[in-house]
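Novice: Heads up: the protein sequence lines correspond to chains A and B, in order. Using this note's numbering, you'd call the opening residue of the first sequence number 61 and step up by one each time. Using this note's numbering, you'd call the opening residue of the second sequence number 325 and step up by one each time.
Be aware that one or more of the hints could be misleading.
Below are the BS3-like pairs computed for lysine-lysine, each with C-alpha atoms no more than 30 Å apart in a straight line [said to hold, decoys possible]:
hint : chain 1 : residue 1 : chain 2 : residue 2
1    : A       : Lys288    : B       : Lys804
2    : A       : Lys464    : B       : Lys804
3    : B       : Lys357    : A       : Lys130
4    : B       : Lys876    : B       : Lys804
5    : B       : Lys357    : A       : Lys145
6    : A       : Lys105    : A       : Lys201
7    : A       : Lys206    : B       : Lys384
If you're looking for bench data, these hints aren't it; they were derived computationally from the structure.
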Amino acid sequence: MSKFTRLGNSLYTGEKSIDFVGRKWTWYAISAVIIIAAILGLSLKGLNMGLEFTGGTQYTVTVSGTASQKVADSVRTAVGGSGVKAASDPTVTTSGAHNLIIQIKSVSQAENTTVLKAITDTTHVSAKNVSQDHVGASWGKEVATKAIQGLVVFLVAVMLFIAMYTRQWKMSVAALVALAHDVVITVGVYALSGFEVTPATVTGFLTILGFSLYDTVVVFDKIKENTKNLRATKRSYADAANLAVNQTLVRSINTSIVALIPVAAILWVSAVQLGTSTLKDLALALFVGMAAGTYSSIFIATPLFVQLKSGEKEVLDAERRARRARQADPYANVPAFVEGMEVEDDGIPAELREGEETTAPHGFRTRPNTDAMGRGRTAPPARGPVRESGSSGRRQPTRQPRSKRGK
Amino acid sequence: MARKNARPGRTLAVFFLVLAVVYGLVALGGKWKPELGLDLQGGTRIMMIANGHPTSEAMKQARSIIDERVNGSGVTAAKVTTQGSNEIIVDIPGQSRDDLVNEVSQTAQLRFRLVACQQSCSTSSSTSSVLPSTAPSSGASAPASGAASAPASGAPRAGLAYDLKQAKGKKKHKKHKAGTPSSSASPSATASAAPSTAASPSATPSTSTSPDQKGDVSVDQAVQFMNNPPADWSAKLDAYTCPAKGSANVEDNPSQPLVTCDSSGVKYLLSPAIIEGTQVSDANSGIPQNGVGYVVTLDFHSAGRKAFADATGAIAGTNQLFAIVLDGDVISAATADSRINGSAQISGNFTQASAAALANNLKFGALPVSFDKLNGISHSTIGPSLAGNQLSAGLWAGGIGLLLVMLYCLLYYRGLGLVVIGSLVVAGVTVYGMVLLLSKTADFTLDLPGIAGLIVAVGITADSFIVYFERIRDEMRDGKSMRVAVEAGWRRARNTCLAADGVSLLAALILYIFGAGDVRGFAFALGLSTAIDLVIFFFFTHPTIQWLSHYKFFNRGHRLSGLDAEALGVDRITVGGRA
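Make a model of the complete structure from these sequences and hints.
Specialist: The following block contains the structure:
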């Protein structure tokens, strides 16, 4: 635990840093593979829409004794285990004192016979006591249309909201891309696993949607804060954003642990205790979606946002300033030696490494500095405006006092 | 160094007071367990068989309208399906909800008509003794006109004393062609005396009075009809007798005049409909400011608003009546004192429940099918659709999950972890109280996905605390003392949480406005849990931390406080000024 808290401090100060922004192509590639798998699954297998969306067949059984909950449960198991795919998750309820109602999705004639046999065998009634009927969908087209309408309005509104709050519309674009990323992955999980899509699933999707945006906003808020004063901190935009992500990393880890523990508990309990159930399906979708939501705010939204910003003049200026600051004192970010400091494996003390912004142990190393600065190959540009000076009769470079220069 | 106006104790006290009030309200309701959904507890199933042979399109439309009626707010979690070609099945959580049968099956065909005659069309109508008191069906008025309509008790129907031009101004007036409406029309004489069967006065093709094929008749023509009811229709009125009890069961054709009754047995001859129920844009129920009984207030779309203004203008001050006809029965007939350019109110013998049900039904429109009230509707009790072990499994999972979350928080945040646990417990208690309150007042039901949603919400709630604590630690790493860090961290964490929860609230609001059914239910739950998260964060967590920051255990960085140097990962922490 103390290692972890130590890590929290070093991430905060920038002493340790994971290069989320710089290694963006790695993260993009990982996500691309997952998304392609999801899309393939979706196009090849399609979604397994539930009874509420498709409608289906309803059997009404008049049992000889009383229709108790126990009988209903056993019929549910029997019909679910009859091997008919459309009947794998039947809805069985008691109705009144002597009736059972069984609803399954539409089946073929042969499958119908199988299901009917399962029902009659379990309840010990003859087939003439079972009546069949067609039931329509309770989640009709108009509910779906309205939901999609609402979703579109919401997405537009949330883009405006983020753009207004952060004053950067590129953040809304990045947040939406991350959102699409999460939703596609979750839908892909449903397609690949063949779980039935029920109204509860739709609710789950919406939860993921909300969570993904929520998490992205938390991370972006920190980026906004860190990049506010680039002129003073003399960091490049990418470095400031990267530091922001690193500083919220502990929060992100804690939040995902705390949010995922209950979902994992539901998943575990329902898998162990119940076997196949709606609860398990929902929990799996939530687990995948929420994990993807935390992942995408860090690994997709942030690098994408920095990439979108990279062409802007302001950002390029900050970049130049940062490079200049580094050149003015290339060792400014190298920590002074203190007692008990970790020393690199290869024996070279941290102070002697050049061109690296941070000294990090293996695994957390930042990308090498490829700038040609400080190696005598390029003449450094003038630091400041050059003006005539009376003393020597020629142009003299100026140098600000140290207090004005920052570090 | 805490802010001068920071009084954490007072905020906490107010917060707990409000919480106590919520539970007081719950105690008044007297129910300590939330209403469970169809999947966990079962409910009532209402089966309705439609009259005739409706098209599948009409059945689909009827299904969605009924769905909106029973599930308008989305929290009831009722399920409406079609079955076969002409049945609609409504599953509603909760035992013995037969009271909903009427609300669900009501066609809710609303029309506004002008009253040509009451009881009889004898020309000596100025004798008020002909007319019984119309007290039961009085008082349609508009908020715009204040106390517009006195009850039209025994109003003599003066056929003069109004001027269309004065009342309406710009509208083309008086088509004389229609002035003598159906003198040539042949009444089909099917005004059968049998009271309970359909009188079907609309069978007559009195062509001259129905120039308008699309249903709505212009106000001019209706006024014409009102002032000069043709002889054949007044004969029908005379021949008609009201059924003893229940609805008149007449066929209500909007382009035709109508002979029908109100609930107290007064019969009316009514003009063709001037406003249809489809013109109603919104309907609400309540008690008006200076009224006594429940009324239903109607707002119209622009065309309906204009027609209503024209009609009230035409009868203003004349003691003539207009009638509000629902499913063929006159539910209200009233005069107007002036041209009413606003919304209409229906008063009648409403209870709170019946007014609310009517407003609800009018809002979502009329059903395209009707149901046979006598033999077409049945209801039964249905059992839960999920096996009993699912609920216990869900609760177990929730319990285990919460326990693990608490353990993790304690391990990682030590002393501050207690604040997280406290906040989560308080949040849980608040959510439970709100669920109880809503299941009493708004028919909120909790199904299994709902319970799963509440468990998931724990993580999102805990996130605000995590953001806050990490901020405090960051501030302390910058060398601030705890009490300063609490305030500085709060300001930053507050903004972050407001922005992030703002997104959630936005989602809840928009999905609630645009969504239907389950989506609405979700939006409601999301909005509720986000709002509770914010309330707890602002009025419980922050004051508690403020309060704790006065204790040396925390501000000196005790090893178990979660704010010691080791936990922060720094060499030493700054302690407050006097340390």
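Novice: Could you run down the list of hints and mark each one as holding or not?
Specialist: Structure-based check of all given hints:
1. Lys288(A) - Lys804(B): Holds, because 21 Å separates the two Cα atoms, which is no more than 30 Å.
2. Lys464(A) - Lys804(B): 25 Å, holds
3. Lys357(B) - Lys130(A): Holds. Lys357(B) to Lys130(A) sits at ~24 Å (cutoff 30 Å).
4. Lys876(B) - Lys804(B): 16 Å, holds
5. Lys357(B) - Lys145(A): 38 Å, violated
6. Lys105(A) - Lys201(A): 22 Å, holds
7. Lys206(A) - Lys384(B): Cα-Cα ~15 Å, so holds.
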